[in-house]
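Visitor: The chain contents come next:
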Amino acid sequence: MSFEVLWRYAPALISGFGVTVLCWSMGAAIGLVLGFVIALLYRLRVPPLRWALRAAIEVIRGTPFLVQLFLLYSGGPFIGLRLEATTAGVVGLGVYSSAYFAEAFRAGFSAVPAGQIEAATSVGMNSRDILWRISLPTMLVATLPSIVNLLIILSKETVVLSIITVPELMYQMQTMAAETFTAFDAIFAMAVFYWLLVEAVSRLGYRLERRVTAFMAPAAGRS
Amino acid sequence: MMQPQVVVHSLAYLTRAAGMTMYVSLAGIALGMAIGFVVCLARLSANYGLARAGGFYVSFFRGVPLLVQLLFIYYFLAEFGVDVPAMAAAIGGLGMASGAYQAEILRGALNAVPSGQAEAATALGFSRAEIWRRILLPQALRISVPSLINEFTLLLKASSLVSVVGIAELTRVSMNIASSTYRPLEAYLGAAAFYLAINLCLAGLGNLAERRLAAGSLQ
Chain A
1 MSFEVLWRYA PALISGFGVT VLCWSMGAAI GLVLGFVIAL LYRLRVPPLR WALRAAIEVI
61 RGTPFLVQLF LLYSGGPFIG LRLEATTAGV VGLGVYSSAY FAEAFRAGFS AVPAGQIEAA
121 TSVGMNSRDI LWRISLPTML VATLPSIVNL LIILSKETVV LSIITVPELM YQMQTMAAET
181 FTAFDAIFAM AVFYWLLVEA VSRLGYRLER RVTAFMAPAA GRS
Chain X
1 MMQPQVVVHS LAYLTRAAGM TMYVSLAGIA LGMAIGFVVC LARLSANYGL ARAGGFYVSF
61 FRGVPLLVQL LFIYYFLAEF GVDVPAMAAA IGGLGMASGA YQAEILRGAL NAVPSGQAEA
121 ATALGFSRAE IWRRILLPQA LRISVPSLIN EFTLLLKASS LVSVVGIAEL TRVSMNIASS
181 TYRPLEAYLG AAAFYLAINL CLAGLGNLAE RRLAAGSLQ
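Chains as they are written, first to last, in our numbering: chain A, 1 to 223; chain X, 1 to 219.
One or more hints might be untrue.
Incomplete in silico selection of chain X near chain A, CB under 10 Å [as the list claims (entries may be wrong)]:
#1 Ser144
#2 Thr153
#3 Ala197
#4 Gly204
What follows is a list of derived Cβ distance ranges for each label pair [what the hints assert, rightly or not]:
#5 X:Arg134 with A:Arg82: 53 to 59 Å
#6 A:Val33 with X:Ser115: 30 to 36 Å
#7 A:Ala12 with X:Glu130: 57 to 63 Å
#8 X:Val82 with A:Tyr206: 32 to 38 Å
#9 A:Ala12 with X:Glu119: 22 to 28 Å
Honestly, the hints are just simulated from the structure, not real lab data.
Ideal placement from N, C-alpha and C gives every residue a C-beta, glycine not left out.
Could you put together the complete structure from these sequences and hints?
Guide: Dropping the structure here:
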């Protein structure tokens with residue numbers, strides 16, 4: 001271990017970490033929104049739309065992220081889609097994760113007891129209010145742990161972006177390791193950065209979970 | 001241009017590697033389900049120590065990258081005289097990591113089963129084991145199937161990492177083909193096709209399970 005090397009490369013590493021966090025959070029945001037929209041469209045029960053969405057989800061889940069990223073970044077220009085490396089990375093992460101998030105949301109919707117929707121309808125709530133006030137709060141109980149799972153997996157998936165030259169943490173680490181022959185230090189620093197990120201995400205997840213399960217606490221206390 | 005014969009020539013080699021990938025992944029999934037179930041029970045337990053241990057398991061195995069876990073099991077334990085065979089290290093590594101994710105998925109699903117149901121079953125004289133087997137688990141499984149299939153497809157793709165302990169699985173074999181034929185695109189596309197095919201089978205199984213488990217629900 002040489003802390004001197006790590007110190008010298010600290011600005012590059014920290015900027016790399018910043019790019020990683022930025023790509024991850026923007027990609028996850030796109031994925032969450034897109035996934036939610038897909039899950040909503042899936043609930044419309046229009047058969048051709050369902051088949052198309054199912055096919056898209058299975059192909060996106062079935063193939064490695066690296067392959068999809070290559071298709072987007074290197075194959076895109078053939079159909080006139082010329083993206084910057086970082087933009088391609090964010091869009092790629094967003095599309096890739098949307099398939100997983102869509103399935104997580106679909107699982108969540110299936111956890112909402114039908115009686116609750118019926119009760120809401122019978123007291124005269126419109127479908128938008130039912131979605132936001134009944135379905136969403138209930139489904140988050142079932143689905144938040146899976147979403148945190150996926151966010152953590154996605155944060156580790158961002159290392160793939162280094163391959164299309166996005167200057168994120170892995171990219172900076174490889175530069176450092178190649179210039180100073182300090183592979184071990186690079187891996188060590190990398191582990192620390194990612195551990196920080198994963199730990200922060202899990203903590204945030206648990207706090208959110210406590211918030212969304214707050215309505216269940218009295219019932220659990222009584223039993 | 002593309003030379004599909006590269007893949008055709010090494011089809012037997014790729015198929016054997018795909019079999020290895022499937023074997024390692026399925027064993028990892030099965031082990032992960034067993035671990036995930038136990039860890040989830042521990043986390044939901046009223047015993048503070050058990051709940052904390054479960055929480056620690058999840059935060060450790062989700063926080064440490066799978067690659068590091070595999071290297072640790074295979075190389076680091078050997079330093080202390082614990083010689084883990086490559087296959088056991090691969091399956092154990094995949095299963096233990098997947099167990100953490102599966103525990104969280106199950107926990108969410110169990111939380112979503114209305115607590116009134118277990119109370120009603122208790123009032124009707126169901127034993128605790130029966131409540132789990134007949135009321136909680138069937139519903140929790142129905143809710144968690146899509147997320148579990150998410151996790152299985154991710155595990156299948158993560159199984160490419162077990163090549164670091166010397167197992168000739170799909171990704172490693174396609175790398176070998178790429179370097180011996182100088183046709184990386186064809187070799188990797190061939191491997192991707194195999195991954196897609198296996199994942200489609202997993203998704204199909206998930207679909208079947210979902211239908212079977214949804215039989216009791218009104219939606």
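Visitor: Evaluate each hint against the coordinates.
Guide: Structure-based check of each hint:
no., hint, verdict
1, Ser144, "holds, 6 Å"
2, Thr153, "holds, 5 Å"
3, Ala197, "holds, 8 Å"
4, Gly204, "holds, 9 Å"
5, X:Arg134 with A:Arg82: 53 to 59 Å, "holds, 58 Å"
6, A:Val33 with X:Ser115: 30 to 36 Å, "holds, 32 Å"
7, A:Ala12 with X:Glu130: 57 to 63 Å, "holds, 60 Å"
8, X:Val82 with A:Tyr206: 32 to 38 Å, "holds, 33 Å"
9, A:Ala12 with X:Glu119: 22 to 28 Å, "violated, 58 Å"
Checked against the numbered hints given earlier, the structure breaks only hint 9 and satisfies all the rest.
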